[in-house]
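Q: Kindly generate the complete structure, drawing on both the sequences and the hints.
Chains A and B supply the protein sequences, listed in that same order.
Numbering-wise (the numbering used here), the first sequence opens with residue 324 and increments by one.
Numbering-wise (the numbering used here), the second sequence opens with residue 255 and increments by one.
No lab work stands behind these hints, which were simulated from the structure alone.
None of these values were measured; they are calculated from a predicted model.
Among the clues, some could well be false.
What the hints assert, rightly or not - Distance condition first, Cα-Cα at most 25 Å in a straight line; then the derived PhoX-like pairs of lysine-lysine: (1) A:708 <-> B:577; (2) A:619 <-> A:778; (3) B:607 <-> A:677; (4) B:607 <-> A:708; (5) B:577 <-> A:700.
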Amino acid sequence: MEVELSKEEEIERLVESLKDSKSSDWEFHDKYNPIYSTGKGLNKSVVEEISEIKKEPDWMRRMRLKALEIFQSKPMPTWGPDLSGIDWENTTYYNRPDERKSQNWDDVPDQIKDTFQKLGIPEMEQKYLAGSVAQYESEGVYHSLKKVWEDKGVVFMDLDSAVKNHPDLVKDYFCKAVPFTDNKFAALNGAVWSGGSFLYVPKGVHIDMPLQTYFRMNNESTGQFEHTIVVGDEGSKVHYIEGCTAPRWDKDSLHSAIVEIYAQRDSDVRYTSVQNWSKSVYNMPTKRAWVDERAKMEWVGGSLGSKITMIYPSSYLRGPYASTSNLNISLAGAGTVKDTGAKAIHMAPHTTSKIIAKSISIEDGKAIYRGLLRMNKGAVDSRSKVQCDALLINDDSQSLTFPHDEIYEPTATFSHEASVGKIGTEELTYLRSRGLSEDEASSMIVLGFLDDVMKEIPMEFAIEMNRLVKLEMNKLGAVG
Amino acid sequence: MEQFSDLLKTRLKDPAYDFRQDSFLNYLKTPRRTHKESPTVKDYVDFSEKDLENMATGIYGKLDLEPGGRDCDILIGNGQIVSKKELKGVKISNIEESLDDLPPAVWEKKGKDREEFLINASWNTGYFLNIQKDREVKVTIDAYNNGSDSGSEKNIIFIGAFSKVNIIESRYTEGEAKGNPTQGKATYIFMGEGSTLEYNYLQDKSTGVSDITFVRTYQEKSSTFKIFHINHGSGKLLFVNESTQEGNESDYRVFGASFSNGRQSIDVRDSSFQIGKSTSADIQVRGVVKGSSSTIHRGNVDIELPSVLSSGFYDSKILLLSKEGYANSKPGLIIRNNNTRSKHGSAISNVDKEQILYLESRGIDEKTSTMLITGGFIESIIEKSNNEKFIETVREYSKDINF
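A: Rendered as C-alpha cells:
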C-alpha cells in the first residue's frame, strides 16, 4: 500500500532522485560498428543500394527513387528554425547493425542488448508491455508480441519484416496518410526509410497493455528514417508508445521519421511518444492520423531532447463524431529550439478536437507553438478548443506562439487561448511561507504547470519525464 | 514591374529619392508569400502582381470635391488637401510641399511588409499633419479617392510632447468604382513624450476598390495611443496596424471591428512591437462575416528582450453568420524575456443559439434577436471611443449587418 507523502517528504525524495540523474544515463555511446553502411552522402545509387540490401520488391525500389527526386526538387522550408546546420553530404543514411532480427533478447548481439538493458527496455517489456520492437541505427533488431495477442490476430513487428510477411496489408496503408510528396523531409524518408514498426489490431480487439518501440541512434552523423504504421481496425483499442534516445556527438545527426495512424470506425487509438534525442540531433518527423467515424485518436507527447525539433502531429477527422486530443509537453533547454504543435482538420459533422500544449524554456532555449485548426465546410456542429501555455524560466528564455485557425463552417465552434509567463511571485511567496526554499518552490510550480499533460502519460514515462525536467532545472541550480 | 525603375526616376525627383529607392529594393528582395510548404504563410487576401503594379504605377490626379456642407476640418481628395479649417497649434499640408520640413526620423522608417515597401517607393500624394506640443485638439478628416484611380499615399502625423489629440479619419470612394483599382496608403504616426492620441479610423470605400492600408506608430516615453479602426468597405482589403513602443511606459490600445459581406475579403492585422520597459498593449478585434465573404484577423504581441515588466494581450472574436463565408484567425505571441505577462485568445462561431432562444422567449423575433446580439458584439468595442460621430456611424453599420 502506498503511503501518502507530506510535501516535505515529496521534496526530499525529489532532491534525492536528482542525485542519481545524469545525462550519461542515455547519452552514452557504444563502440559498435555496423556490419554494413552505405557511407556518407545521398544519391540514386545509395537509394538503390538500400533497396537491394533489403531485397525489396520492384514497386518499393521505384517508389524510393521517385521520393528521392521529390526530395531533391523540394526547397527547404522558408519558415521555422534555422536548418542550415544539417550536413546532407556528411550524413550516413543507412547503417545495418546486424543480420538478425531476433524475437528473443538472448539472440540480440551482446553490445546492442547491453545498450537496451542500460535503457531499461527488456525490464519494461516484461513488466508493462504487450509487445515491443527495438530499433538500433537503421534496422529493427528485436521484436516480440505476447502470444495472447498474436492469437487474436494482432500483428506487431518492424516494418521491414511486415513488408515481407504481410505485403498486402502493408501496401493498403503505406504512404496513404503521409504521401512522400507531403514535404521535403517526408520525401527524404520515402527515399531512405528503414525500420519503424507495423502494428495492426484486428476488428474488436482491445489490447489492455501498451505496445512499445524504442529507437536508438548510436553513431555520429547518422540518419534514422523509420516509418511506422499503426492500424486500429473497427472497434479496436490500442495504446502504442515510442521512445527514442541518442548519444551526444560533436557532429549532428538527423532523425526524419514518418508515423501513419489509421483509427478506423469506432476504434480508440492512443499514441504516446517521449523523445529524448541528444542535443546533436535534428528531429524532423511527420506524424499524421486518419480518424474515421466515431473513432478516437489521442496524441500524447513529450519533446525533451534534440537540437532542433519540428513536429506537428495531425489528425484528419474524416468521419462523423470522430474525435482527437493532442497533449504535448516541450522542454527547450539551453541552445535548443522546439518548434512543436498540432493540427486538427475537421472534415465531417460533429467532430471534436482538443489541443493542449505546454512548453518550458530554460536559459536561451526557444519554445515555439505552431498549430493548425481547420473546420472544413460541412463539419457541422463541430467543436474545438486549443490551449497553449508557456513558462519562461530565465531572463533570456523565449516563447513564440503561432496558431492558425481556419473556420469554413458557420455552425462550428472554436476557441483558442495562449498565455506566456514566468513563475509567479505570488505562488512562490505562498510556497515559501509554507517553509519551502525558493528553489524547491520553483521546481514544484514547474511540475505543477505540466501536470495536465503529465497525468495522461503512462506512469513509467511520466516518471522519466519528471526526472528529465528536474534534471534540466537542476542544471540551473533551481533544485537540490 | 519592368518599367518601374524608369518611372521611379522620372516621377520622383525629390528629397525622398534615396528612401524610395531603398524601399523598392526591399520590395524586390521580399518574396511573395506562398502557402505551399506551410499553412503558416498564406496570403488570404489575394493581391495579384497586377493589383500591386496598378497601385505602384498609378498616379492620383486632382479630385474635384465640393467643400461646402461637409462636417469636417480637413477635406482630402485623392490624397491632396481640398480644403482645411484653421486649427490652433495644428499645421496640415500636402506631403510633397513639406518634404524639406520632415524630420529625418520619417526617412528612417521604411516598414516591414512587402506591400508597404512598394507604397513607400511609389506614393505620389499624402498629407503631413503636425500638432505642436502641449495642445489639446480634435481633428476631423474626410478623405475620398476616385473610384477609378489606382495609386498610393504616404501620410505623416506628428504629435508633439504632452499633447492630447483626437483624430477621426473617414475614407470613402468618390464616384463609381471602375477598372478594379488598387489604392494604397501608409500612415506613419510619431508620438512625442507624454502625448495621447485617440485615432478613430473608418474605412467605407466601394466594394469595387481594393485597399491596402498600413498604420505604423512610433511611441515615445509615457505616450498613449488608442486606435479605433472600423473596416466596412473595399472588395479586397489589407489593413495593417502596428505600434512600435520604443518609449518606456508607453501604452497601446486597439479596438477594431470589421464587417464583410458579399464577396469581400478582409485581412486585418494588429500587432504590438514592445521594446521599452513597462509597456502595455491591449488589442481587441471583432469581425462579422456575411454572404460569401471572408475575414482574417492576425497580429502578434511581440515583447522584445529589453521590454521587461511589460504586458501584451490580443483578443479576436469573429461572428460567422453565413454558410458561404469563412473566417480565420492567426494571433501570435513572440515573447523574448520572462519578466512579462502576455496572453492571446481567439474565437470563431455563429451567434449563440441559446441567446437567440432567450430573446425569442421574451417575444423578440429571430431577426431582431440576431441584430441585438451582433449589435452588442460590436458595441463592446466602439463604446470606448470618445468621438460621438464615430460611434453613431458604426452603430448604423451594426444595424445594417443584420439583413
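Q: Evaluate each hint against the coordinates.
A: These are the hints, each one checked on the structure:
| no. | hint | verdict |
| --- | --- | --- |
| 1 | A:708 <-> B:577 | 21 Å, holds |
| 2 | A:619 <-> A:778 | 19 Å, holds |
| 3 | B:607 <-> A:677 | 22 Å, holds |
| 4 | B:607 <-> A:708 | 19 Å, holds |
| 5 | B:577 <-> A:700 | 8 Å, holds |
In summary, the structure agrees with every hint in the numbered list given earlier.
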